[in-house]
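Counting with my numbering, you get residues 1 to 136 for the letters of the sequence shown.
Be careful, since some hints might not be right.
Straight-line C-alpha distance at most 25 Å; calculated BS3-like pairs for lysine-lysine [claimed, not checked]:
(1) 77 x 60
(2) 82 x 126
(3) 71 x 60
(4) 82 x 101
(5) 60 x 82
(6) 101 x 71
(7) 101 x 77
(8) 60 x 126
(9) 126 x 71
Distance ranges between label pairs, derived from CB positions [as the list claims (entries may be wrong)]:
(10) 90 x 129: 18 to 26 Å
(11) 124 x 12: 44 to 52 Å
(12) 65 x 105: 24 to 32 Å
By construction, these hints were calculated from the structure, which means they are not laboratory data.
Just so we're clear, the structure is a prediction, and the values are computed from it rather than from any experiment.
In this text, a Cβ means the ideal position worked out from N, Cα and C, and glycines have one as well.
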Amino acid sequence: MKKFKVTVNGKSYEVDVEELGTAAPAAPVTPAPAPVAAASPAPTPAPVSAASPVAQAAPKGPIPDSAVVVKAPMPGKISAVKQESGSVTRGSVLLVLEAMKMQNDIPAPQDGTLTEVRVAVGDNVKTGDVLAVIMP
């Protein structure tokens with residue numbers, strides 16, 4: 001039997017612990033010799049480009065002055081693109097933005113023609129990022 005003093009939530013307890021088996025004393029462990037370095041240097045990996053096509057989409061062209069821009073109202077992740085182009089009416093759902101585990105519909109602010117969707121499913125967006133372009 002071994003006695004231990006244990007503190008739980010600021011309260012001290014004295015406990016008795018019984019050893020069930022007697023194990024043979026362990027042999028001393030001697031450290032293994034350090035590995036010898038190879039004669040030739042290890043190949044270095046190729047540098048990864050910061051602008052890889054998977055990581056970020058190519059920048060889109062300029063937005064015409066007469067266009068209506070649909071911007072992200074909050075940071076989140078695009079979980080669905082409901083419409084990619086064509087005629088839209090005010091209030092029709094263009095995208096679904098997931099923010100804080102909630103699905104938020106992003107509607108068209110006015111009637112017009114959806115000419116460009118600048119995000120894809122899975123994209124992370126910040127507040128104010130351009131999501132879509134509508135021509136009146």
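Hints and how they fare:
With a C-alpha separation of about 19 Å, the suggested pair residue 77 and residue 60 falls inside the 25 Å cut-off, and the hint holds. Distance hint between residue 82 and residue 126 is fulfilled; the C-alpha atoms sit about 20 Å from each other, no more than 25 Å. With a CA separation close to 15 Å, the supplied pair residue 71 and residue 60 stays within the 25 Å bound. Taking the CA atoms of residue 82 and residue 101, the gap is about 19 Å. The hint holds against a cut of 25 Å.
Distance check on the hinted pair: residue 60 and residue 82 sit about 20 Å apart at the alpha-carbon level, within 25 Å; holds. A threshold of 25 Å between alpha carbons decides the hint, and for residue 101 with residue 71 the separation of about 20 Å falls inside it, so the pair holds. Between residue 101 and residue 77, the direct Cα distance comes to roughly 10 Å. Compliance with the 25 Å bound is thereby established for this hinted pair. The straight-line distance between the Cα atoms of residue 60 and residue 126 is roughly 17 Å, inside the 25 Å bound, and the hint therefore holds.
Distance hint between residue 126 and residue 71 is fulfilled; the C-alpha atoms sit about 9 Å from each other, no more than 25 Å. Between residue 90 and residue 129 the beta carbons are some 21 Å apart, a value that agrees with the proposed interval 18 to 26 Å. Hint check: residue 124 to residue 12, Cβ distance near 50 Å, so the stated range 44 to 52 Å holds. Against the hinted window of 24 to 32 Å, the Cβ-Cβ separation of residue 65 and residue 105 comes to about 27 Å, which satisfies the hint.
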